[in-house]
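The two chains are supplied separately, each in an independent frame; assemble them into the complex guided by the hints.
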Amino acid sequence: MISTVRSIGVFSLAVLAASGRACILLIQMLGNIPASVRRYELLVEQLYHVGVLTLPIIIVSALFVGMVLALQGYNTLVDFDAESSLGLLVALSLTRELGPVLAGLLFAGRAGAALTAEIGLMKATEQLAGMEMMAVDPVRRVLLPRFLAGVISVPLLAALFTAVGILSGYLLGVNVLGIDQGVYWSAMQEGVDFQQDVLNGLFKSLVFGALISLLAVFMGYDARPTPAGVGTATTQTVVLASLLVLAVDFSLTSIMF
Amino acid sequence: MNSETENIITLTDLHLKRAGKPILIDLSLRIPRGKVTAVIGPSGVGKTTLLELIGGRLRPDSGYLLVDGLSVPDLGRRELFELRKRMGMLFQDGALLSDLDVYENIAFPLREHTRLPEPVLRQLILMKLELVGLRGARWLMPDELSGGMIRRVALARAIVMDPKLVMYDEPFTGLDPISKAIIVRLIKKLNKTLAITSIVVTHDVAEAIQIADFVYMLGEGRVLASGTADEIQNSARDDVRQFLQGQADGPVPFHYAADDYFTDLFNTGLFNKDKQI
Numbered sequence: 001m002i003s004t005v006r007s008i009g010v011f012s013l014a015v016l017a018a019s020g021r022a023c024i025l026l027i028q029m030l031g032n033i034p035a036s037v038r039r040y041e042l043l044v045e046q047l048y049h050v051g052v053l054t055l056p057i058i059i060v061s062a063l064f065v066g067m068v069l070a071l072q073g074y075n076t077l078v079d080f081d082a083e084s085s086l087g088l089l090v091a092l093s094l095t096r097e098l099g100p101v102l103a104g105l106l107f108a109g110r111a112g113a114a115l116t117a118e119i120g121l122m123k124a125t126e127q128l129a130g131m132e133m134m135a136v137d138p139v140r141r142v143l144l145p146r147f148l149a150g151v152i153s154v155p156l157l158a159a160l161f162t163a164v165g166i167l168s169g170y171l172l173g174v175n176v177l178g179i180d181q182g183v184y185w186s187a188m189q190e191g192v193d194f195q196q197d198v199l200n201g202l203f204k205s206l207v208f209g210a211l212i213s214l215l216a217v218f219m220g221y222d223a224r225p226t227p228a229g230v231g232t233a234t235t236q237t238v239v240l241a242s243l244l245v246l247a248v249d250f251s252l253t254s255i256m257f
Numbered sequence: 001m002n003s004e005t006e007n008i009i010t011l012t013d014l015h016l017k018r019a020g021k022p023i024l025i026d027l028s029l030r031i032p033r034g035k036v037t038a039v040i041g042p043s044g045v046g047k048t049t050l051l052e053l054i055g056g057r058l059r060p061d062s063g064y065l066l067v068d069g070l071s072v073p074d075l076g077r078r079e080l081f082e083l084r085k086r087m088g089m090l091f092q093d094g095a096l097l098s099d100l101d102v103y104e105n106i107a108f109p110l111r112e113h114t115r116l117p118e119p120v121l122r123q124l125i126l127m128k129l130e131l132v133g134l135r136g137a138r139w140l141m142p143d144e145l146s147g148g149m150i151r152r153v154a155l156a157r158a159i160v161m162d163p164k165l166v167m168y169d170e171p172f173t174g175l176d177p178i179s180k181a182i183i184v185r186l187i188k189k190l191n192k193t194l195a196i197t198s199i200v201v202t203h204d205v206a207e208a209i210q211i212a213d214f215v216y217m218l219g220e221g222r223v224l225a226s227g228t229a230d231e232i233q234n235s236a237r238d239d240v241r242q243f244l245q246g247q248a249d250g251p252v253p254f255h256y257a258a259d260d261y262f263t264d265l266f267n268t269g270l271f272n273k274d275k276q277i
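Respectively, the protein sequence lines represent chains A and B. Numbered by our numbering, the letters in the first sequence go through residues 1 to 257 in order. Numbered by our numbering, the letters in the second sequence go through residues 1 to 277 in order.
Same shape as in the complex, but just chain B (with noise of 0.2 Å):
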């Protein structure tokens, strides 16, 4: 097997820069077919960007993002719908429509790009519902939901055009422990019984390591470690250590970068005003 056939997603040597700040150096990484792949790292080092990267709702400065064989980048606007068609996003607050009910936020991309007959339409609905649990919950409106059940409708919306691929961005953030175990556990059966490819971004180590194949832990814009859930627990780097075992301080400093406190502190102004910030 080679390795566009095995890997669904190649990353190499991605550059971004946001605002003058690179948020992305020389980023590697390839996600491997049919697996659940979770990419750990504190907030802020450019998790959600991947997926935006990914998804090609941004363009790379440089440097080469295949999906599926495809280079996201150079796609014409058509092309790139046409590969979200076989991409589910499931964003961080559900992103559903507020406007519609339970059962038409799932309708609404199958209304979109197919033109089914109602009964078939309402079976492939209920059948996704009945996978996250939510065939009674049907005709509520999405401010109805709790935060948990907004996650799964979101879910069944994300898979109800059964695409290769799902991004979860930060799919366990808010959520209860019950809510959560949910969300664990659906992303796992999803991956199995339907065949997908799952990319998990996330912060909560816990669940990410429970689920993952593999396990791709970002910082400052790079990997900073990489490999199966085990290898990333016993990995030595200190930096990974510190964000596994949730220290406050260490290699990832607890201050935001500043100039020297006491001098900070004693420019007044009172001497010299130009200088006080």
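In isolation and in its complexed conformation, chain A is listed as follows (with noise of 0.2 Å):
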């Protein structure tokens, strides 16, 4: 009983402690970034790496998520004839949700996850060590750069995602459902709120954006270096950042909508 308290205790305290890690190595990022500004460089190089890169796999996963947003939509709709809802409930869903919070996970699986592989092992590899020896800080020449990537990407890709679904729910629903096409513009005219849907979706997507970036760079930065350590921290990312992406969304919507 008292070991189970214990090492509650104890994995709380490192928890506490692993958090203020975290948030001296983001202010020493914040801190940095007038100087990197004349390295604009390195931050084109990593938004090609970590935003460019996961365009792919998030086309891809937009355009299935659109048609079948579309497709379970169509049948629960047609049931009340308000099938002419369609474009709406797709746009709605989309922008609100599903668009920032699914391009949040994939971010978190696909660039993440390489992120943190990629510094833990610089790490393990004395690379990070060799460079402060050259006097250059790894904070500002490796973290830095990922870290700003991160939360100008997601974004990006989030109404990225948003716009790839609508489309994908568009061809099916008009070509395939049947729905008519001048319907499903107008409904989601009608309906969808720039200020209060768009924007807040993308707010929520700029927050995701930075809560993945930091923790990738973080996990990687702050991992034990060796082979098994580096693992750990990978996983680690996808997992935290994963659920921390699903937990932050539940607060952001009932605040926001």
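Note that these hints are calculated values from the structure, not bench results. It cannot be assumed that every hint is accurate.
FRET-style restraints, in silico, Cβ to Cβ [as the list claims (entries may be wrong)]:
#	chain 1	residue 1	chain 2	residue 2	range
1	B	Tyr256	A	Ile2	31 to 41 Å
2	A	Phe250	B	His15	23 to 33 Å
3	A	Leu243	B	Arg18	33 to 43 Å
4	A	Gln28	B	Pro42	33 to 43 Å
From the derived model, a few chain B residues whose C-beta atoms are all more than 10 Å from chain A [claimed, not checked]:
#	residue
5	Leu75
6	Gly147
7	Ala181
8	Asn191
9	Tyr261
All values reported here derive from a predicted model rather than from experimental measurement. All residues carry an ideal CB built from backbone N, CA and C; glycine is no exception.
Right, here's the structure in full:
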């Protein structure tokens, strides 16, 4: 009994200490932003690795999600003679929830894991220590561009996810299920509010982007410098980032809508 | 000449504990400027830790540590980085950036710290590569290099900013005899032609004695012996002789500290379960 309580205590303290270290890292990174403007090419390179290379998985997933939404929505709505609202249903689900959340989850799995593994491995092979000894700050040179690239990429990827999802819902709804295309778009135009739905959705994805990227670079930087340590850190990034996205999404939804 | 200009590094009564275990105990030593100083001793006596202290990656618990007249533990981040620009360090595994080729690895410190035009950068890099004999290997990636070549590239990178001091962490470990001879030759040659101070931390006695102007032998967190290569080789101390002659047992025991063997062996827990370990 005592040992259970003790292990809970030890675990909680470890989580708190890690959160503290993550916050310090965030402050260090933010403080380095002005100095890193001169080296914008590092950010561009990471935008390619983190953002552009995540595009295929985002687009393909969005295609399927949009079609599934349209199919399921149609099957339910048609019972109530409300299939004219299909466009609204697809668009609202995607802009408010599915776009930011699914883009966040996919980003965590594709780019988050890669970031943690890359940084962890650089630490394990003394590349980060080597940089420090060459008077180069690894936080500024390695971590910051990757973090910023994540923060910038996720809202863009989420917007793309939403757009592609709406289009694939349109293709299925209009071409296969036979809904009038004017009805599909006009229901959307009437029901989706730019500020309430689109901007809030984008804001959500910005928060997810910052959380996932911070978690990913921190886990790599904080990993034990061994093969097992890097492996654990990578797994933890994906698991924790996914849970965090879902939990924060719930909190944001309850505040926003 | 006063001692500060004569010695680039002065350590006085340096004390360091790690995870509650003392690593360095009242360590005092001086590294003469412009010379090759070898720090030898068995694995795990804090030789690499010493380099980390000099480079400011660790802070001592107490004692003084002066590098080029600056007290390293008291330096702020910016001053420390300025000092490190005047130091080069060769890591045991090279620590080359794995996603950059040989050329870009050597260009890395220059690109970070200077704004030299590309043609000047190229000439500097080719000159350093020529020094280590790898000008022809400039487009290779680190994973295409042998262990000896990795260390030569890392060496070229360590000297590309023309440092005053180069620290070598186990430069001979895991190398074949030819590569070892190459590294020995390079350390000597660079020290002479570039007028740098070299600290070679190693447990390869033969190579260390071959190149060092001065040798420190560490053991149990202290300096066990110091002097020129000859003086060390003729040392009368048992622990020094054990290390130099590579004897398995002696003042440095073969066994890691443990309880009495028989008590431990028969402590099966059959009779007293609480005490079994």
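Status of each hint after checking the structure:
no.: 1; hint: B:Tyr256 to A:Ile2: 31 to 41 Å; result: holds (33 Å)
no.: 2; hint: A:Phe250 to B:His15: 23 to 33 Å; result: violated (52 Å)
no.: 3; hint: A:Leu243 to B:Arg18: 33 to 43 Å; result: holds (35 Å)
no.: 4; hint: A:Gln28 to B:Pro42: 33 to 43 Å; result: holds (38 Å)
no.: 5; hint: Leu75; result: holds (12 Å)
no.: 6; hint: Gly147; result: holds (14 Å)
no.: 7; hint: Ala181; result: holds (25 Å)
no.: 8; hint: Asn191; result: holds (19 Å)
no.: 9; hint: Tyr261; result: holds (31 Å)
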